[in-house]
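Residue numbers (this note's numbering), protein chains in the order written: chain A, 1 to 257; chain B, 1 to 255.
Rather than coming from a laboratory, the hints here were simulated on the basis of the structure. Using N, Cα and C, we set each Cβ at its ideal position, and we do this for glycine too. Any given hint might turn out to be false.
What the hints assert, rightly or not - Far from chain A, by Cβ distances over 12 angstroms, these chain B residues were calculated:
1. Leu-155
2. Leu-179
3. Asp-207
What the hints assert, rightly or not - To spell it out: a stretch of chain A is covered by chain B in this simulated footprint if at least three of its residues, at any positions, have a beta carbon under 8 angstroms from a beta carbon of chain B; those stretches are:
4. 90-102
5. 105-113
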Amino acid sequence: MAEDVSPVIRFDGVSKSFDSQGKRLLALEGIACDIQDREFISVLGPSGCGKSTLIRLLAGLLPYDDGTIAIRGGKVTGPRRDVGIVFQTSNLLPWLDVEANLRLGVEIRHGRARAASLDLATLVDSLGLTGFEKSFPHQLSGGMRHRVAIGQALALSPDLLLMDEPFGALDALTRDQLNMELLRLWQRDAKTVVLITHSIAEAVLLSDRVLVMCGRPGRIVEEVTIDLPRPRDPAISRASPLFGDYVVRLSRLMGVT
Amino acid sequence: MASRLLSRADRANARDAVLSLLLLGGLWEAAVRGFQVKPYLLPAPSVVLVEAWKSAGLLWTQTLVTLWEVLAGFSLAVISGVALAALIHFLPPARRTLYPVVIALQSVPKVGLAPVMVVWLGYGLASKVTMAALFALFPVVIATLGGFAGVPANLDEHFRALNAGPWVVFRRLTMPAALPNFVDGCKVAMPLAVIGAIVGEFVGSNDGLGNLILTATGASRTALTFASLLAVTALSLVLFGIIEILGRMVWWRRM
């Protein structure tokens, strides 16, 4: 979709295994793919297929065994300063209020001065958290906690935003809302996003391209380009026949139907 | 948050506690009078209170002596306990060497150490402070260790993804996450520090509430013994209450 054709991320023959009770368990095998600048990629697969491992390798949180992962030509050897990650659990510090939690990532990575100059009001507004700036995580709903976690990653203005099933534990309605907000923020800031999900509809709704994985060992079985017009909307997109076609195709690939 | 020191529920609880103590005192009074128990065996609460009133000056000065011993011993236990826990948690060699020593020290009957402390440190403040610290040390170490070990793995990973260095992880994650456990350890340790100081005074001292209990009992002034016990109990309760209230600054109990 972008003019820049050099990939931001390149996986080349990546494999990863874990030692589990004396046995070697191959979690990922022969992962190879390119992700372009400003692309919205979803990685779709059943639980236990290694998609969380994949994103941890990309985030530099786990070492890999073979192959290479490169971000902008640099081999990933540890957590990078231009990558933001949103985890499955919202990971907020319970003793900090919403504002302090939003600032935390920038504070740790770039120092207090940078964090103090953050435009929190705009961020809070774009996340729909106005009025909750001084609330603590235990006073927020699950959906709001996830918004704060996403806001903390966005505040880092990362080149690459990684999301590991950030909406997995939420109800469908909250999930739709957050998906919409994510789309809006992505279109505004045009980052490269890699989203891990096990929801087929979510993958179709959000992505430019879907990487379908299957497990034991985890590998990419198919890449599906989602050619739906943007901006997208959950209600309208789902009603379109093309959306349905993609859902059916991805369901087949995942062996659901 | 804590705009008031004591909430409505606190005051209701305090009222119920006082009522039940008054009831207990009433039963005690009635039993001593009804069965005509000899006062040198068990004085009636009214007799104890009169004695406490008459000896108020003496009780107060002895309470202050014990108070300083307890505060110094407790502080020593907290400082060395946190330091030990940090060493044991963050340095694997210390876990292998220091931790067994701490466990072994806890297994030594500390009452038996009291005479040794008097021999080593004399009749004065030092031996009592050491006894109070020895009694209070273990719960601080164990609770703080539990706090350090209980930092959720997902938050640890989150900090790693943010390129946080070890000092930042400690200051912004490990320490605040361990605080609730640490406060719990302090709550266990404080009454133990009082017991430690009293034990130290029993074994060899010139003053303090423990000394007063011994001398009063020796002089068959049982009412004064009970008044001294009352003072020890009140001291312990007040100190515990202070920890309880200070501990409310650490309100993030659920992670």
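A quick look at each hint next to the structure:
no.: 1; hint: Leu-155; verdict: violated, 6 angstroms
no.: 2; hint: Leu-179; verdict: violated, 8 angstroms
no.: 3; hint: Asp-207; verdict: holds, 43 angstroms
no.: 4; hint: 90-102; verdict: holds (count 4)
no.: 5; hint: 105-113; verdict: holds (count 3)
Hints 1 and 2 from the earlier list are contradicted by this structure; the remaining hints agree with it.
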